[in-house]
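With chain A fixed as given, assemble chain B onto it according to the hints.
The lines below spell out each chain.
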Amino acid sequence: MDTEAKQEEALFYRQIHYIITIPEHFHSDFMDGEKPQLVVKSTNDYEASLAQMQLERYLNAANALRFISESEAELVANMEAVFSETTEVTMTSKLDTAGLNKAAFYYNFVNYALLAGCIYVICLILSSFQQEPVRKRTLISSMNFAKYHRQLLLSNSLLAIALWGFYVLISLILVGDVMFSEYGRAYILNSFVFTLCALALAFLIGNLVTNKNAMNGIINVIALGSSFLCGAFVPMEYMPDFVLRIAHLLPSYWFIHANNLIKGIKTFDSAVYRELLIHMGVVLAFALLFVVLAYLIGRKRRKIA
Amino acid sequence: MSHVIEVTHLTKEYKKLRAVDDLSFTVEKGEILGLLGPNGSGKSTTINCILTLLSYQNGSIRIFNEEMRPSAYDMKRKIGVVFQEVAVFEELSVYDNINYFCGLYIKDRKLRKQYVEDAIALVELQNFQKFMPKQLSGGLLRRLNIACGIAHKPELIFLDEPTVAVDPQSRNAILEGIKELNRCGATIVYTSHYMEEVEILCDRVIILDQGKLLAAGTCDELKKLASIEEKISVEIRDLDEAHRLCIQEMEQVESLSYDGQVLQIIYKQGQDHLIALMSYLQKEQIPYHRIYSERPTLNDVFLELTGKELRD
Chain A
65 MDTEAKQEEA LFYRQIHYII TIPEHFHSDF MDGEKPQLVV KSTNDYEASL
115 AQMQLERYLN AANALRFISE SEAELVANME AVFSETTEVT MTSKLDTAGL
165 NKAAFYYNFV NYALLAGCIY VICLILSSFQ QEPVRKRTLI SSMNFAKYHR
215 QLLLSNSLLA IALWGFYVLI SLILVGDVMF SEYGRAYILN SFVFTLCALA
265 LAFLIGNLVT NKNAMNGIIN VIALGSSFLC GAFVPMEYMP DFVLRIAHLL
315 PSYWFIHANN LIKGIKTFDS AVYRELLIHM GVVLAFALLF VVLAYLIGRK
365 RRKIA
Chain B
9 MSHVIEVTHL TKEYKKLRAV DDLSFTVEKG EILGLLGPNG SGKSTTINCI
59 LTLLSYQNGS IRIFNEEMRP SAYDMKRKIG VVFQEVAVFE ELSVYDNINY
109 FCGLYIKDRK LRKQYVEDAI ALVELQNFQK FMPKQLSGGL LRRLNIACGI
159 AHKPELIFLD EPTVAVDPQS RNAILEGIKE LNRCGATIVY TSHYMEEVEI
209 LCDRVIILDQ GKLLAAGTCD ELKKLASIEE KISVEIRDLD EAHRLCIQEM
259 EQVESLSYDG QVLQIIYKQG QDHLIALMSY LQKEQIPYHR IYSERPTLND
309 VFLELTGKEL RD
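Chains as they are written, first to last, in this note's numbering: chain A, 65 to 369; chain B, 9 to 320.
Hints may be right or wrong, so weigh each one.
To be verified - Result set (DSS-like, lysine-lysine): computed pairs, CA atoms no more than 27 Å apart in a straight line:
hint: 1; chain 1: A; residue 1: K200; chain 2: B; residue 2: K161
hint: 2; chain 1: B; residue 1: K161; chain 2: B; residue 2: K115
hint: 3; chain 1: B; residue 1: K37; chain 2: B; residue 2: K161
hint: 4; chain 1: A; residue 1: K200; chain 2: B; residue 2: K316
hint: 5; chain 1: A; residue 1: K211; chain 2: B; residue 2: K239
hint: 6; chain 1: B; residue 1: K142; chain 2: B; residue 2: K121
hint: 7; chain 1: A; residue 1: K276; chain 2: B; residue 2: K138
hint: 8; chain 1: B; residue 1: K291; chain 2: A; residue 2: K200
hint: 9; chain 1: B; residue 1: K23; chain 2: A; residue 2: K200
hint: 10; chain 1: A; residue 1: K200; chain 2: B; residue 2: K86
hint: 11; chain 1: B; residue 1: K291; chain 2: B; residue 2: K239
hint: 12; chain 1: B; residue 1: K138; chain 2: A; residue 2: K200
hint: 13; chain 1: B; residue 1: K118; chain 2: A; residue 2: K211
hint: 14; chain 1: A; residue 1: K211; chain 2: B; residue 2: K121
hint: 15; chain 1: B; residue 1: K37; chain 2: A; residue 2: K200
hint: 16; chain 1: B; residue 1: K23; chain 2: A; residue 2: K364
hint: 17; chain 1: A; residue 1: K200; chain 2: B; residue 2: K187
hint: 18; chain 1: B; residue 1: K121; chain 2: A; residue 2: K200
hint: 19; chain 1: B; residue 1: K121; chain 2: B; residue 2: K161
hint: 20; chain 1: B; residue 1: K24; chain 2: A; residue 2: K364
hint: 21; chain 1: A; residue 1: K211; chain 2: B; residue 2: K291
hint: 22; chain 1: A; residue 1: K211; chain 2: B; residue 2: K86
hint: 23; chain 1: A; residue 1: K276; chain 2: B; residue 2: K142
hint: 24; chain 1: B; residue 1: K138; chain 2: B; residue 2: K232
hint: 25; chain 1: A; residue 1: K364; chain 2: B; residue 2: K86
hint: 26; chain 1: A; residue 1: K200; chain 2: B; residue 2: K232
Just so you know, these hints were derived from the structure itself, not from any lab.
Extracted from the complex, chain A is given alone in its bound form:
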């Protein structure tokens, strides 16, 4: 392959992918700080790109080491020393990024499903209890108001937990590999905490709204609205900053953000757990706020006028 024609032929048949021709006085020009050009012929494919990359890395390293080398021989020795160094790399996890993306996408969507489901079912149940005559009959009964309120919340929580269980079951079917790992447990725990918040929010709305016809509108405004605002359907990366700043005020944001964090976790260490727990804590704080508000509203409405 000493002739140009043979070189071209070998390149054409992909017998070789990259030919470097070193011009005369290249080494002396290089050592003098000039920038001598190598003559390159390539197939412009993957293998050629790899060769190009390695050549550039080599020349960059040589250029850097040139300043501490007195002679060409010393430069070659320094280069050999640098390239002979090895680093041992151990893979600590085998990330199934496709599965994790699917799981995160599913659990982000669960934000809408849980909110809509809880609000619809719980408001429907509470609307029966909120009918004025039934409410009056309950108010004049000997049932302690706080106890009654608590029992109503606990009985509705059974429904919310059943709904959550259903969605977890679906996730086990859809992305079982991920769900039976540490990631899956994190998703399940995060969604459970959010279920408590959805229950509390539904309970608050159920205490505020007595009109069954208004329910569809409320589901759209709250469940669909917060899902859009907080990135359940559109990834947060594509959303404007001011929308995300507003979304901070909604529990869905913290739930979805935690899902996205889980997706990107490399190793489950204390720092990761702390960050996840902070997110879940914020969601729980929202839940507590909703429960207290529902209680105060119910207490205020003990009198009919």
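Same frame as chain A, now just chain B:
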């Protein structure tokens, strides 16, 4: 007798409307007290104030010698209420509705089962236990409403117009049930604008109008407030002017009215008016279909006190 309820100077205002105006009365143990008045007279408002469902501007309310508060749960255990509106769950059967509302008071399941069955028997709904409320007629629904309110065997029962829009058969069943509850020792406060019901049921009656107490007492005591003693109605056709004038001139006749079908004569006092009138009609050979005498009704008392009819 001890006071079961003691209402003193109760005043309830809605912005510019005074719904209850300085109302004071007591309810004694074991009696049936009737609150009688036209729609909007303040009967339901008074009951809602007593039950702490409404706040009020002035006055005090004591039940079983204790001040009534929203959190007086021990006191509420002894109280049963049947509201004017039917207060049941559409989603539950007759039995389950009564069981639910009884469960707000009675925790013991065995005892509650017995109480529910007793309530069903009292309102005669044995054959409808598995029916849903929407499958019941208006009268049966009212009976269910009553059963839900009294199933826990309260000592004091408020019945707020429980027979509104009820067929005669159900009305009789309801009234019999109320008498039975009273016989079993319950004190009852019964509001209605049906004076006949109040006369049949109540030991004492309070007449309200525009939130004010107009009169109080037994039915007989109240009737004495009317300035008439007797009303005689005669179904008679084509009574001429001359005869009407003659009847008007008869002794103790207060007033006379004739609509072409029925002649109504009101006597202020005295007795034997029916005999005198029949003698006159016979003597003048005036034919008539029916003749009957009535004592003054509570409506007459209300008319006398307010210048308007109870159902105006």
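Each hint, compared with the structure:
The straight-line distance between the Cα atoms of K200 of chain A and K161 of chain B is roughly 19 Å, inside the 27 Å bound, and the hint therefore holds. The straight-line distance between the Cα atoms of K161 of chain B and K115 of chain B is roughly 14 Å, inside the 27 Å bound, and the hint therefore holds. The straight-line distance between the Cα atoms of K37 of chain B and K161 of chain B is roughly 15 Å, inside the 27 Å bound, and the hint therefore holds. Between K200 of chain A and K316 of chain B the alpha-carbon distance is near 33 Å, which puts this suggested pair outside the 27 Å criterion.
Distance hint between K211 of chain A and K239 of chain B is unfulfilled; the C-alpha atoms sit about 58 Å from each other, more than 27 Å. Taking the CA atoms of K142 of chain B and K121 of chain B, the gap is about 23 Å. The hint holds against a cut of 27 Å. Taking the CA atoms of K276 of chain A and K138 of chain B, the gap is near 26 Å; set against the 27 Å cutoff, the hint holds. A distance of roughly 64 Å separates the Cα atoms of K291 of chain B and K200 of chain A; the hinted pair therefore is violated under the 27 Å criterion.
For the given pair, K23 of chain B sits about 22 Å from K200 of chain A by alpha-carbon distance, which is consistent with the 27 Å threshold. Our distance criterion of 27 Å between C-alpha atoms is met by K200 of chain A and K86 of chain B, whose separation comes to about 16 Å. Proximity of K291 of chain B to K239 of chain B is assessed by CA-CA distance (about 21 Å); at most 27 Å being required, the pair is judged to hold. For a cut-off of 27 Å, the pair hint linking K138 of chain B to K200 of chain A stands: about 25 Å separates their Cα positions.
A hinted pair counts as satisfied when its Cα atoms are at most 27 Å apart, and K118 of chain B with K211 of chain A qualifies at roughly 22 Å. Taken as a hint, the K211 of chain A and K121 of chain B pair is honoured in the structure, with Cα atoms around 22 Å apart against an allowance of 27 Å. About 25 Å separates the Cα atoms of K37 of chain B and K200 of chain A, which keeps this hinted pair within 27 Å; it holds. A distance of roughly 20 Å separates the Cα atoms of K23 of chain B and K364 of chain A; the hinted pair therefore holds under the 27 Å criterion.
Pair hint K200 of chain A plus K187 of chain B holds up; C-alpha atoms about 25 Å apart against a cutoff of 27 Å. For the given pair, K121 of chain B sits about 24 Å from K200 of chain A by alpha-carbon distance, which is consistent with the 27 Å threshold. Simply put, K121 of chain B and K161 of chain B have alpha-carbon atoms about 13 Å apart, close enough for the 27 Å limit, and the pair holds. Taken as a hint, the K24 of chain B and K364 of chain A pair is honoured in the structure, with Cα atoms around 23 Å apart against an allowance of 27 Å.
About 79 Å separates the Cα atoms of K211 of chain A and K291 of chain B, which puts this hinted pair outside 27 Å; it is violated. Distance check on the hinted pair: K211 of chain A and K86 of chain B sit about 19 Å apart at the alpha-carbon level, within 27 Å; holds. With a CA separation close to 18 Å, the supplied pair K276 of chain A and K142 of chain B stays within the 27 Å bound. A distance of roughly 49 Å separates the Cα atoms of K138 of chain B and K232 of chain B; the hinted pair therefore is violated under the 27 Å criterion.
The straight-line distance between the Cα atoms of K364 of chain A and K86 of chain B is roughly 24 Å, inside the 27 Å bound, and the hint therefore holds. For the proposed pair K200 of chain A and K232 of chain B, the alpha carbon gap of about 39 Å is over 27 Å, so the pair is violated.
Of the numbered hints given earlier, the model fails hints 4, 5, 8, 21, 24, 26; all others are met.
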